[in-house]
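Novice: Construct the complete structure from the given sequences, taking the supplied hints into account.
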Amino acid sequence: MSAVESGGDAKSHGRGGKKHKKKRRLSIRIDMTPMVDVAFLLLTFFMLTTYFSKPQTMELNLPPDEKSQVEVAESNLLTLRVAPDGFVFWNVGTEPAHYIEMKELKKFLEDKNKENPKLITLLKIDREGKYRMMIKMMDVINIAKVTRFSLAPMNEYDKRQIQKARAA
Amino acid sequence: MPKIKKKRVGFRIDMTPMVDVAMLLLTFFMMTTQFRPEEATAIDLPASNAPFKMPETDIMVVTVNKEGRVFLGVDSQVLRAQLFGEANKLRPSMEVDRKSLHDLLIQARISNPKLRTLVKGDKEAPYGPLEDILDILRQVKITRFNLVTELEKA
Chain A
1394 MSAVESGGDA
1404 KSHGRGGKKH
1414 KKKRRLSIRI
1424 DMTPMVDVAF
1434 LLLTFFMLTT
1444 YFSKPQTMEL
1454 NLPPDEKSQV
1464 EVAESNLLTL
1474 RVAPDGFVFW
1484 NVGTEPAHYI
1494 EMKELKKFLE
1504 DKNKENPKLI
1514 TLLKIDREGK
1524 YRMMIKMMDV
1534 INIAKVTRFS
1544 LAPMNEYDKR
1554 QIQKARAA
Chain B
838 MPKIKKKRVG
848 FRIDMTPMVD
858 VAMLLLTFFM
868 MTTQFRPEEA
878 TAIDLPASNA
888 PFKMPETDIM
898 VVTVNKEGRV
908 FLGVDSQVLR
918 AQLFGEANKL
928 RPSMEVDRKS
938 LHDLLIQARI
948 SNPKLRTLVK
958 GDKEAPYGPL
968 EDILDILRQV
978 KITRFNLVTE
988 LEKA
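From first to last, the protein sequence lines are chains A and B.
Residue 1394 is where the first sequence starts when you use our numbering, and the numbers rise one by one after that.
Residue 838 is where the second sequence starts when you use our numbering, and the numbers rise one by one after that.
Source of the hints: derived by calculation from the structure; they are not laboratory data.
Don't take each hint at face value.
The following label-pair restraints were derived from C-beta to C-beta distances [stated by the list, open to error]:
| # | chain 1 | residue 1 | chain 2 | residue 2 | range |
| --- | --- | --- | --- | --- | --- |
| 1 | A | P1489 | B | K890 | 39 to 45 angstroms |
| 2 | B | D895 | A | G1479 | 31 to 37 angstroms |
| 3 | B | N925 | A | E1503 | 46 to 52 angstroms |
| 4 | B | K951 | A | G1479 | 34 to 40 angstroms |
Glycine is no exception: its CB is placed at the ideal position from the N, C-alpha and C atoms.
Specialist: Spelled out as structure tokens, the structure:
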């Protein structure tokens, strides 16, 4: 297996004339098997340890200061609240909240923003919720090209709103 | 009758091309390989469609694992020695509490202003600690940071 011959064939069998004593060429054969074995071992090692899919990242910009409050008209404020179990509720201003399915959210956000270009989206996620929910929501918001949105902590009032929406 | 001896056909396969290809692959993998960075805890990344690639150098990673424990890691050993002490410079990241995270983030940014902040949360992590981290980041005036996710499989 995979041996390399060097020095050509040992042709010098001619036991001819005494005058021209041909030097016998030695044919060297190196057994490459161990080297190839090691090479394959390394190859498998590198193939298994390497990874190509680098994680993606989502860029997030926070407003620099919490104190810089911006006055927003109630009708321009869309609040999305995420309950601990992953249900999403929305409302505009101080209207009662409504449940919305995750699947419809993208279209919903696009429509709402088309209706009212000044709309600001506020995302409130329950502290008991999962991080996955936050990423999912932000992803939808990014895909729907909503640039004016912000994150806010969920307070007792928000929880009561969710309770009410659930009861309805 | 003379016994007909079956002549054994000794055959040889020339393995040279195969070995050549193997060597080529080996070199390729050796050149391109990037080892998975060490992690203090196993993190199962959430999926998203975010388009940015993760930066590799000058990074500072705030990790939140499944139980909501918070770890801070930086990529350079020098900075690690500065932040966590000489003894811990080989550890990829250290568990931190909310209070020390605040101070360490400031310290790290002073040592290397080019540091970029990554927040890496397990997808099952509770949102509470994440919210605290976002709050701390706001306090230390890191207003631009990245959330590490995995590309969603369509």
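Novice: Could you run down the list of hints and mark each one as holding or not?
Specialist: Here is what the structure says about each hint:
1. A:P1489 <-> B:K890: 39 to 45 angstroms: holds, 43 angstroms
2. B:D895 <-> A:G1479: 31 to 37 angstroms: Holds, since D895 (chain B) and G1479 (chain A) (Cβ atoms, about 36 angstroms apart) stay within the stated range.
3. B:N925 <-> A:E1503: 46 to 52 angstroms: Holds: the Cβ-Cβ distance is about 48 angstroms, inside 46 to 52 angstroms.
4. B:K951 <-> A:G1479: 34 to 40 angstroms: Check passed, 38 angstroms falls within 34 to 40 angstroms.
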